[in-house]
Every structure is written in C-alpha cells, then in structure tokens.
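Residue numbers (full-length UniProt numbering), protein chains in the order written: chain A, 1 to 785; chain B, 1 to 573.
Treat the hints as calculated values from the structure; they're not laboratory data. Take the hints with a grain of salt, since some may be wrong.
Said to hold, decoys possible - Taking lysine to any residue pairs in the SDA-like style, the calculated list, with each CA pair at most 20 Å apart, reads: (1) Lys249(A) to Ser392(B); (2) Lys98(B) to Asn395(A); (3) Lys249(A) to Ala387(B); (4) Lys553(A) to His461(A).
To be verified - Per label pair, the in silico range of CB-to-CB distance: (5) Ser54(A) to Pro56(B): 48 to 54 Å; (6) Ser103(A) to Val456(B): 42 to 48 Å; (7) Asn176(A) to Ala432(B): 21 to 27 Å; (8) Pro151(A) to Pro353(B): 34 to 40 Å; (9) Ser19(B) to Pro139(A): 35 to 41 Å; (10) Ala429(B) to Ser103(A): 27 to 33 Å; (11) Lys476(B) to Lys114(A): 56 to 62 Å; (12) Arg14(A) to Pro353(B): 38 to 44 Å; (13) Ala32(A) to Asp260(B): 53 to 59 Å; (14) Leu396(B) to Arg14(A): 43 to 49 Å.
No residue lacks a Cβ here, since even glycine has one placed at the ideal position from N, Cα and C.
Okay, here's what each chain looks like letter by letter:
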Amino acid sequence: MAYMSMSLHAVNHRLTNIPVKQLPHLASCLAASLSNCGELLSTPQSQKSAKSDSDNAVQIHKLITRLGSLLQDRTYEGRWTAVVLVKALVEAGQWEILRGCESFVRGLISILAKSDPVTTKKMCIITLTRIFHLTYQYPTLVREITTPSLPGFITSALNLISVKPSSEPVRRLKPNTPFVEVVLQSFSELIARHPTIFRPFTAQIHSVLQNIIGSTAPTFPEPILEIAQQLFISLHNCAPKNSGSDEWKNACRMTITSIHTTSSYVFRAVSEQWESSDPSLRQISHPQDYGQEVGNGPDALGLGSWQGLDAGVTRLVVLLRMLSGFLGNPTSSTVNMPVGAVLDLTARLNMLTVPSSGSDIQANPQIGRAERENLLTELPRIHVASLKLLLDLVNTLETGVLSVAQTILEQALWVFRAEKFSREVRTGVYDLLSALLARVGPSMTKQSVSSLAVLLRTCCHDLLPPVGNQNAPERSDPKSKSKTSNQAAVNADAFLNPGLKQVRQTSSSSSFPHLNRAASELLVATLTHAPTEFVSPALRAEIDRTIIMTSDKNAMLASVLNPFPAMQGRGVGTSIMPFLARSYPAETEVESLIRPRMPVLMNGSAINGYAAMDEDEDEEEEPALAPPTASEASGFLKPVPTPSLHQDMMDVEVTPQALNKRSYAEDVEMKAPTPSTIESPAAATQSKKLRFEAEQAAAAPTQPSLEAASPAAFTGTAAISVPTSSIAGPAPTPVASKPTLAGSSSGKKASALRSAEAAEDESDDELPTLNMDPDTDDEDNEDDE
Amino acid sequence: MLSECFIASTLASSKVPASASLRDVGVCVHEFQPTLNLRSTFKKSSTAARSLAVSPSHVFAAQSEKAIVHVYSREKGNQEATVPFPERIRSIAVAGSKNGDVLVLGTEGGRLILWETCTGRQVATTASHLRPVTALVVDPSSNFILSGSSDASVHVWSLVDLLSFTKAPSGRDRQPPNSPIRTFSNHRAGITSIAVGHSAGRYNIAVSAAEDNTAIAWDYHTGRLLRTFLLPSSAISIALDPADRAFYVGYQDGSIQSIDFYKSQSIQHPLHDPSLQSTPSQPSAEDRWLPPSADCGAAHALTLSYDGMTLLSGHQNGKVLSWNVGRKKYASMVADYTHPVTNIMMLPPSGLPHPTLDLQRVAHTIVKPRYDHTLSESSQSSGIVPADYTFSTHLLPSVSSKSDPKPTQFAEAFSHAYFPESMIDEGLAELAALSQPGSNGTQASSMSQAVTDEEVAAKDSQIFQLEGELATLKKKASVNETARQSTTDEVTKLRSDLANLHDYITELHEKQEQAQREKIIRQARKQERETRRREAWFAAEKKGKKGDAVVRKMDAEDTVMTSDTDDQSSDEQ
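When you get a sec, could you build the whole thing from the sequences and use the hints?
Okay, here's the thing in structure tokens:
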C-alpha cells in the first residue's frame, strides 16, 4: 500500500509539473504505474478511515481532476495522454473510479468531434467502449453513466465513419475512413448488452453495414467484412421484446434466399441437377436475359447490385460467410436454426463440381463457353466457403449434428472427388471431416470408412515429402494394385542430386501450414475415432508411415493407442510404438503409455508377459487369437498364427519382434515336458509361473552377468533343448516363407537372439527368486526392437 | 462457489413426508457439498428406478406405470411440459454428451424411442427386445446406446444410424433398419442395471447386472465378455468408479458391495486377462458393506461423487445414504425423502473451470415431439433432410471457440490494462508528426499545398544548384585571371631582367673596349718607351757613354710610371 500511494504521488507530481508537450512520452510509464495501483484505487471510500488513507483519497481526487482538465486541454498531446491514462485508471480502479467517470465520458465523446489525430480517436472509442462494458454489471452505473451518454457516443461514432445526408435514417459510408473497423468492433461489443439504446440507431447502422457487405467493386478487407457481418447478425438483439428470434430467423432466411438468387445467376452457364427439398423453392424460376453480362440488382438483403461473374462469385462467398456467422455467433434468445434449409443450400452448391475427365456437366447452350469456363474455375472458391459453412454447422450443433452427419459427409465427398486438386478445398474437407469424425466416428460402418480411403491417401500424400512418396507404396504393400499410378513419373533430379530429397522434405512441411495442420489433424481424428478394424491394412500402413515420416507426436500417440487389430489367422498386429519412444522419450504421454504407474489397460493375453507393450491393445481386441505364447501344459495353447500380414507393412521393426515372440513360444513348448520347469499342475499357477519366467527372460539382457553365467549353470536336459530350439526354429517360422527382403536378413539375427533367449530361460531356473520390476521389462522390449 | 449437488427422484407412496417442504415433491436437487441442504424441488412426479434423466437444462422423469414423461426446466424450476408417448416408458437416458439433446426412452413393448428435444423429431426402433426395456445407458462418445431388458439380453444400438436421415451404406442390409448392431446375451435372467465406462475410446467397458445373481463386465464395441462376477444375491443397481477401477452394486437388502477390478497385484489389466475371462470370480463377502439398519430397504440407485470417494445410495425407505469408499463402510445418512428413492444422480460440480464441458448453446425450452411422421420406420427413406428441419437453441457467447490465432488490435487493446505498446507507439509517432514544424501542421490538411511546396522546393534546389555552378565558374575565372596576371608579371620581370642584362653586357663591352684601348695605349706607351730606351741607348752608345746605365735609369723611371697602369690593367682582367 505504501508503495502504491508513493507511486500515485509520483504520477501526480509528474502530471502537474512536466510540460504537457512532453507528457505523451511518459504516458506509457504513468499508465503502467497507475495500473499497478489497482488495489489502492479500487478501495471503497468508506473504508478509508486512517489518516494515510485520507491522503490517498486526496491524491486520487487530484489525479482525477488533473485528467479531467487534460481531457479538455488545448494541445493534442494533452488530450492524447489523458485518453491513455483514463483507460489505465478505469481498468485499475473498477467501480470506485467508474462511479465518478461521467465527466471523463463527456470529455472523451467531445474529443471524437474534434480534429484530433487518428489514434487519439481510436483510443477514445476503445476507452469509451471499455467504460460502458465495465459499467454493465452495475445497474446503478448503467443508469447514471451508460444510458445518458451511450446515444451520444453512437452518434459521434457513426459520424466518424459515415454521413447522414437527410432526415431519413439512412447513412452513407465515408470513403477511406480509418475508423470503420474500430467503430464496428465497438458496436458489436456493446449491442448485445444495450439493445434498447441501440434500437433507434438500427436503421442507420443497417444501412452502413449494407454498404460494407454489399460493396463488390472495391471490397473491404477481410477483418472489416467479418466484423460487419458479425454486427449485422447482432442487430437482431435490438428487436423489440421477444421478437429477437424472429428477427434472427428472418435475417437468416433472407440470407439463404439471397444466396439462392445469386447462385441462380452465377450458375446460369450450366443447368443444375439439384432439386430443392423445399417445395417453395422449386417453383421459383428466374427469367434471365442471357444476352447481357451476368449480374443482379438489389436482393432480399438489400445489398447493392453486382455485375460480372467475378463480382457474383465474390458476393456469393461473402453471403456464405455471413450465413456461417449466423450459425456461429451468439444469439439473444432461443432461435430456430434452419438446418434443413442450410443443407439444402449446400447440396445445391456442392452438387455442381468441376467436371472430371469421365463425366461432363450439362451446359446451358445460351451461354458462351468463356463464361462457363470462368465459372468452373471459380467453383473451388465457392466450395471452400460452403465447406466452411458446414464446418461451422457441425461445430455449433456439436452432438446435435448426429442426424445430418451422413448428409454432410456425402456432400464433402462430392466436392473432394471433383476438386481435390485445389489446396483450399482439401484443407476445408480435412477440417470438416475431422470435426465429423469426432462426432460420429465410433459408429461408422465399414462402407463409410472405406469411402474415405482415397481422401486419407491424399491426406498422407499432402503430409509426406513428394519425393519420398514415390517408391514407398510399392515397397510397403505389394498386394495393393491400386497404387501403381504415380510410379511412372520419375524425377531425374532425385537420382542426380541425392540432397534434393532432403531439401524438398523440409520445404514441403513449411510451405502450406494450414493444409499441413488440417491433414495431420485429420489423421489423428481418423485413428482416434474411426473403427480401426475397418481401415484397410494397406491404408493403415500408409498412414503409419506418414506419421513416422512427419514425427507428429499426437498422430503417433493416436496410432499407438488405436492399433490395427489382430485378425484371425494373421498373427499379431503391429505398432509404431518404438518410433514414438525414440522420438519423444521424455514426453509425459509417452512415459505414461510405456511405463504406467497406475492401473491401466494393459496386456490382456500374453501370459508370459513377454509380448511387447505395443501389442497390448491388439490383444485386448482379440486376445483369444493374438497370443502365440501359451504352452501346451497350461491348457491355453492356441494354434500358432500364420505369418503376420502386417510384417510387410512395417517390416523393419516388426520382424525381429515377431520372431522373438515366436521363438519364445517354441521354447516354452519344448520346455514344457521337462520336469524341471513344471511344478504345479494347476493351469492358473502354470500360466503365472510362465509369465514370471518370461518377464525374467525379457529382463535378462540387461543383466550381462546373468547371461554369461547361464551356460555354465545348465542342467543336462536344458543343455539339450538349446540346440534343438535353434535348429527347429527356422522351419515353421514366418521367415522362411516370407518373401520380403528384410525377413531373411533379420532371420539370422532372430535365430541368434533365440538361442540367447533359450539360454536365459534356462538360467532363470537357476535363479527362481529373481524378481524383476515390470518397468524394466518394458524398457527391454524397446531395446529388443 | 464450488459446489456439488445430486438429484434424486422418488416413487410416490402412501406415506406422508414429515417436512412440509417435501410434500408432493417427486424430484429433489440436493446440495451435497459443501453443506447438505435441499436446493430445489420439482413436484408431482413418481418415477420407478432408472426413469430419471438429466440434461444441463432439463430434467426428464418418466412416470411409473404411465406413458408420460414429465419435463422440468432446471432454469425456471418448474414443470415445462408433459409429453405423452404411445407406450409405457420403463427407462430413459439422455444422449448427446454435455448438451443432452436426445432423449432415449425404453418402452414396455421392448423398443426404443429417440426424441431430439431441440428439433422435435422422433425416431422409433424395431421392437427388438421381447420384454420391457429395463435399463438404458448411452456411452460417453454418444454413439452407442446399450439397452437391457427383462428378456436377459442387452442390445447395442448405433445412435448415429438411428438418427441419421441418410442411412449410411451399411453391410447390415439383411436386417431391418433401426435395429441393434450387436446383442450381448450372456446373462441368463432379466437385466436389472447397466453401467458404462467413462472412456470415449474404443476400449470402453460396460458392466451389466442381472437377476441371475451375476454382474458381467464386457466390451460393447465387440460384444466380448471380459469377466463374470458371481454375486451373493441379485444386484439391482450399479455404479462405476470414475477411473473404471471398480464398480459398486446395491442389493435388495440395502447393502452395497464393491468389486475391485484390480484385486490382484498383476501388472495386466485383469479385465483383459483371458485366463480370468472364462472363470467367473466371486467377490469376497468382506467387500459387502452392510447398511446401518435392516429397514433401509432395497438400494434402488447408486451414484458416485466427483472424486469417486463417496458413494450415495437411494433406498426403499426414502433415505439417501452415503458410504465411504476408502474405508468400505457406511458413513452417514444424507437425506430422507420418505418415499422410496428410485433414482439418484450426482451432478457435475459447479464452479470448476472446465473448458471442454462449457456449453456453447443451451436449450431453454424443449420442442415437443411431432406426431405427423413419428414411429413410422420407413417414412424418411428418401434420405433427404426436410427443409423445415430446424434446430431450436440459444447460442451462447463462447470464449474458447472464438480463440483467433491473432487477436485484432481492438480486442487486444480492449483487454489490456491501458493500451498495447504498438498502439502507444503509433500514437506517439502521429503526435511527433503533428508537432514537427516542417510538415505544415496536419498532414491531412491540404494535399495541394504540399504539392506546391514540393514544386517550390524543387525550384529552390534547382536555383541553388545553378548558383553553385555559377560560383564555381567565377572561381575558375578568377583563378585563370590570377594565373595570367602572374605570368604577365613574370614576363615583364623577365624582360626587365633581360634589359638589365643587356645593359650589363653593354657596360661590360664598354669596359672591355676601354680595357683594350688602355691596353693598346699601354702597349703603345711601352713601345714608345722601348723605342725611347733604344734611342737613348743608341744615343748613349753614340755618345759613347755607357748605354746600359742610361737604360737602367730610364727603367727606374718607367717602373714608377707603369706601376699605376699595371694596377689598372690587373683590375680590368
């Protein structure tokens, strides 16, 4: 408190003693000291009983008086400083200052009419908005300050950006005024809170907004357009009591009608296939003069006319964005969102796509080819806006979208199939699909998932560096016939200059940030929400490879947490877990996944506990099929799985691991008859025992001394089993039959490993009391891979 | 303030509540923490077990033995609607996660009715259950419905498929539309209660209890059985731990039993251990927590607090009891509603910041189901969303969704303690421009003047340049002038020198001539003297006198005379 009163003193001193001309340079420091005095400034007057406090009260009063006189100062500098300090004072002092700030408000409003520089006025508007905003929660202050002065503020702000030519409530926008954005921002901040005060001005504001939104020749910059649309939508707040929702509905309906009308003109070069679900729209036919250039007069919303196809498309995009705004911006009360009408509209827009080589659109013979081609070139722009509209619909309705999700999905796929060449369209489709998958992903059918296959492939393609993708599919999936398309194109530079690949890899990841973000989010959403068993193995391999190549942590986690399920007769699934562990060893998510502390979903079936952690989820899925590890004696022996299909997807990492498992299973089988290992006939104990041993077996490589000691400690029977296992091993293993290149090379490695493990198994018999921590067990598995 | 409430509903009975505030009350919202007290009540309701559903805005209570659902508004605290249905409703649940837009009703006839409370659309399923639907839950992803019936089967339905206008291309063509996607039939008697795990992922579990004294944990995504629990008697209510570590069942005699999935010290998830899956396990008797008195009656409903450490149970005698999960015993009596407490649900605590659960929209009023196309299963086969399909909701201003990557200058300044640095700098620059005298006051004042200024300046500079040139030229000229001056001076000087030299030369010539003349004179004198001497000698000789003496006498005279002349001649040379 002492510090605060001191700094308040200092502020006062400087404000009074330093010449006004030099104050602006100090304003920032003064404002900072003021905002640090918040506690002092906001202390209620009644509590200021002590002597020091009364001194503070004097200081505060002095400050307020000085600022009040600075606001009326003759110099620009004085007024400018006053505006900055008033904002700081109001923010810091809250109610205590607000209740006495009426004179500030009057001073600030009067500045708006003076010939002050642009920033002074901008800051004035912001400060006033903030004061009105802060007073909102105190009804008495609203009555004392906001209600009397807000109309004056609205008028002066409107005068800044527009002129009122006559007594009619219509305003014309001033050209090139720098205040449009800040005024509209301020109005949209205030309008929902003070609808009754704004009500007399709605017509004027409306006419200004029509000017902004409807201007096609010099379009306004994006932020201004956006805030204008937002304010246009917020105007429904000002409707008289209880008619706000009707007002909203009417404005929304008019926007939809306006889009329909505009698209009738814009699309006149082709004959549309679309038939509205709304009977009232079907009857409407627009007789058009095909001789003239395409254009339309004032429409349902009262926006100005436009001429020429480009202007028409721009208008269409602006209107679509406005409709998005209707779905996204807060409303005054409960409204009836016309979901059916919006989907009908997007169906119309999305049905007309750029013709592919196979299909052709029905041309309107009365329109020249130039206009038709022009229209087809502009189509992606329209579709990007309509995809954004659908995305906003999904985000707004959230779970309410369930009933229309399938419809939206189909529309997105129409556009994607025809226009996937456009980067913006791809980004839009990816975003929309990510949002949809989060809602309806878990209950997707196999058919819906497979309909996304092409899209997901393109998505991987977008993420992968272009060169790296060329020969990858061939290697990863020899069975897939569909992916031989882009093999023909050979980039000679890639052979000539090996460094090129690196360069392009780095450049492609940074070139289109939006597309990359959307694509990687889509991969995450697909893996997390869609049923993994319906994604074809080839596609899954491609997705996994893309994830590894891009080292996207979220996608890696999603892939590990949602592994490809093991299928009957296909052996165990695989996982990119080792890559995740290598890429992000220190991340919390990875740590909690690999070395869980608390009870979590873990290995379901690998009784021996030897299975790598990355197979856990697979085995939860199909535990009866996955484990190739039970022994005969335990009564859980399952048919040994045939070679894993997925090994050829991820041959590099899966092979040794699968072989490890396999070989261990054989070890167990062979060991089973030996009396030294089987003590208890009970199935449960047996399995537990085996698991225990296996844990140790897995843990053993970390203990070189143990490994070294083991051969010496062999019993007679065990010594025999070691060579048997290594000889018998290769015969039934997948290695022999597998055609992949990596198989044979890793086979040797695997057999070496196998014999080592067999030895370790035996050594465990000698050291039955060894109790390994499960955590080291996990680490081991990574090491093995 | 942070508070946690629960909501309980009762079945009307002949008893009369002691407290006047509980008269006629069928649904109570009760604050559980920090202090126990009755928050609000909804009247005129009588619900059987599993007939209460709560959404953020409404409470739905299916009336027992009636085909009516009472809808209460939580905001207004009153009964908003009474919605009749064609069949008696035995169980209800709310779908649509945090918004709760869809009400699922299980009917006496064994089918489900889905009611979109925001649109009024209603969809009915096939009557796949042979007996009444007694238990109904919706999974956390809001994609699946699990319905248990007294016919001992549990059906899994896809909520999306049921609601979708466009039926997804499905491989289930052989089955009629709106039928379950999976059936779980491991129970041998009627299902009493189902609980579903808290994961939205694909490894979520469901636990169902049946009258055959078993509870089964299973995977509803695959229909695979995970574990069977043999219970001492028939469980009538189930609650699942927030982290799915254990579940709790309530029995007819009012006792509670906890069943911990993680009993063994295994590192594996016991539910996914196939060696245990085929063996039913029997929870030990010590896990059964006995009620404080025998007259509590059946534990119809269970619910867990947010932290999962307190279990609340609703009992036949109208009491709500709380149990300490950690100490595994009865803790205290929370409330007494006189009538049998058939449903009890813990509400999410208010006051916890929960960005993912913040509502973006709220439905103040429900849209009653429309009957024109209800319950006709194939009416919407065309797959087109009708144009009059509207969604009635109030969109709320949300903070999280509008998080733009780059906030506008306005938004930044608006929330700043005074003004952001960039704006202050901009202002300072503008003021500096104003105060500068050279720029003629406000920049925007007169563009034309600036233009003329520019022209003047241009001319000025030209003139200046020319003057400069002139000066240099002048300087050059003066330099030339002085140079020429100096050369002429030099020349004159040289000339004068030359003249001097000429004078000197002539002087020298004169001197030389004089010297020569003198020399000649001297020679002449000498010759004259010689001749005189010779004449004298000759004369002396002639006279006979000694000639030499005369010559010597004459020589002496000569030296006196010639010494002057010799001096002169030596000077000249």
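Beta-carbon spacing of Ala32(A) to Asp260(B) - inside the hinted bounds 53 to 59 Å or not: holds, 58 Å
Supplied distance hint 43 to 49 Å, evaluated on CB atoms of Leu396(B) and Arg14(A): holds, 45 Å
Holds or violated: Lys553(A) with His461(A), Cα cutoff 20 Å? holds, 18 Å
Hinted pair Lys249(A) and Ser392(B), Cα distance within 20 Å: Distance of about 11 Å is within 20 Å: holds.
Starting from the hint 48 to 54 Å, judge whether the C-beta atoms of Ser54(A) and Pro56(B) obey it. Holds - the Cβ-Cβ distance for Ser54(A) and Pro56(B), about 50 Å, lies within 48 to 54 Å.
What's the verdict on Lys98(B) and Asn395(A), does the C-alpha distance respect the 20 Å limit or exceed it? holds, 14 Å
Lys249(A) paired with Ala387(B) [C-alpha distance capped at 20 Å]: holds, 14 Å
Range hint 21 to 27 Å (beta carbons of Asn176(A) and Ala432(B)) holds or violated: holds, 23 Å
Do Ser19(B) and Pro139(A) keep their Cβ atoms within the hinted range of 35 to 41 Å? Because 37 Å falls inside the window, the suggested range holds.
State, for the Cβ atoms of Ala429(B) and Ser103(A), whether the hinted interval 27 to 33 Å holds or is violated. Hint holds: Cβ distance 29 Å, inside 27 to 33 Å.
Between Ser103(A) and Val456(B), is the Cβ distance one that fits in 42 to 48 Å? holds, 47 Å
Status of the given 34 to 40 Å range, CB of Pro353(B) versus CB of Pro151(A): holds, 38 Å
Violated hints: none; the structure is consistent with every hint.
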